[in-house]
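A.B. asks: Protein sequences appear in the order of chains A and B. In this text, residue positions in the first sequence follow the working numbering: the first is 2, and each later residue adds one. In this text, residue positions in the second sequence follow the working numbering: the first is 113, and each later residue adds one.
If you are wondering where the hints come from, they were derived from the structure by calculation, not from laboratory data. The reader is advised that the hints may include incorrect statements.
Listed below are several chain A residues computed to face chain B (Cβ distance under 10 Å; list not exhaustive) [unchecked claim]: (1) ILE24; (2) ALA25; (3) GLY29; (4) ALA152; (5) LEU157; (6) ALA224; (7) VAL226; (8) ALA231; (9) PHE232; (10) ALA234; (11) ALA251; (12) THR267.
By construction, the Cβ of each residue, glycine as well, lies at the ideal position given by its N, Cα and C atoms.
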Amino acid sequence: MPRKKAVAALLRFATGAAVTLLIAGFFGAALIRLGPGYETDERTLDARYSDATTGAIGRENAKDSNVLTFYGRYLTQAVRGNFGISRTYEIPVSELIRSRAGVTLRLIGEGLGLGWILGLSLAGAATFFRWRLLTLSAEAFSALALSLPAAVFALLLFLARGPVFLVLAMAVFPRVFRYAHDLFEQARREPRIEAARARGVREWNIFRDYVVKPSWPPLLALAGVSFSIAFGALIPVEVVCDIPGIGQLAWKAALGRDLPVLVTLTLMVAAITVAVNGLAGWLGDPRDEREGLAQ
Amino acid sequence: MIRYAALGLLALLFLTALSSNWIAPAPYERQFRTETNGAPSAKFPLGTDHLGRDRLSRLLYGTRVSLLLAPAAAAISLVIALLAGGSAALAGGWWDRIVTAASNLFLSLPWLFLFLTVRSVLPLNTAPSTSILITFGLMGLLGWGAGARVIRAAVLQIRDAPFTLYAHAFGCPPARLWFRHLLPHLRTVLLAQFWISVPAFILGEASLGLLGLGVAEPMPSWGNLLKELQSAPEWREYWVFAPIALLSLVMILFQLSRPMKHELKGRTA
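Here chain A stands alone, though its shape is the one from the complex (with noise of 0.2 Å):
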């Protein structure tokens, strides 16, 4: 029965993420393709392009004029793997997705490891030396990794000539520190840490059995949300320090309205960060925190 009862949920949460992810894809095709401007295609006004070429431009474009059959057309071939071919770069989007892939998650692997890391580590600290310095000075840290937006951290970064990934680990590390530190903070305040004092247990155990242990479901669920604000991160500093990711791919499309890339970035991204929440909803999470903490 309880099995049953997984798998009615699991269903419940597939069609739900599916109903979004449609409805977030056609969102993305209706606003670029009723745009104004979308009728302008660069590639037209190349005199290297004879009339003929133009006028086949033209004609092709012209089969994504309604958004409803655009985006029937383009769910139809991607259910087969072809998410269409690039207007900006001329080749299949799943070509340049994949070319680009690699960096981007490097810089996201390394920027989201750091930034929990940096945030777990020193709230688990400030949570038990207790020590007033350490926690004005995260505190401190955090608030001015909040006060500046990545595109400047990245510009600096480059002045600099530090390492790009720090910019995503910054703007990850204040959300995960102050949602750790409030959450260990919680467990601390609990009677139960009381009682295993008074029962003499090591104040190490009580912080990882006590403090640690039940902190991690709603830790979990902050996952979802770290990749969506290290994926906001990503877009400015690969445009700043201009590095061929996704980040980049997903400016340059907006800017040269490429449709099929926007299509395909806006479902890919809304699919990862709804997978991912979803999966953190399922081990249990108090959702209004984390709406609180997306902001």
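Take the given structure of chain A and dock chain B to it, following the hints.
C.D. replies: Positioned in the frame of chain A, the structure of chain B alone reads:
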């Protein structure tokens, strides 16, 4: 104490920004063509940019744009969030499901990606004043997702409270119920949401401006003032970094003056 000092400093900055017309040494678009890329001097305390425009004047006018319009965008998003979240909690059923799905959708996409996509489909070669309206209006229209969820949760909590039930029992009309009974109880949540949104929108504009999708030249804003740094200045030209210093100061002041944080600390002390 720190909170009031931060609020005082913020108020001072707002007043300075409001009076930029009178205190700025020169109009923001005026060019001093013989003094391009000038170092700080008595005439130009923060030097001049590559077009010979006074940096201090541009910073003052830019502060006015960012500091006045970010709260306006936050107010727009708060009104949308209140209408969406509040009506969803009160109506329930299919409307609640639609609003929840819509806010899920907005929350599932990274903010900057969403802004970037939507901003890029709107005309880029517009008049500066139109670009201001587009940039901040867009942030107001797109930034309601998280607020709606928080407000929905808050309204759900008070929907079945005894005072709401009494009001219903005595035949209180919906408008009166909203304005006399529900809104006063949501004041803290709304204020906290507003206070969270303002710095987020300031940072949003700065990021969009740096990517060339924010407020159009020659109108200064923190975003396009920061864009100037992309020309990779030398560290010794410290005056070029003044917009960064001001932006971080304002953001820190907003964090120090957050009402929710203050109340939370008061409760948990």
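A.B. asks: Check each numbered hint against the structure and report the violated ones by number, ascending.
C.D. replies: Structure breaks hint 6 only.
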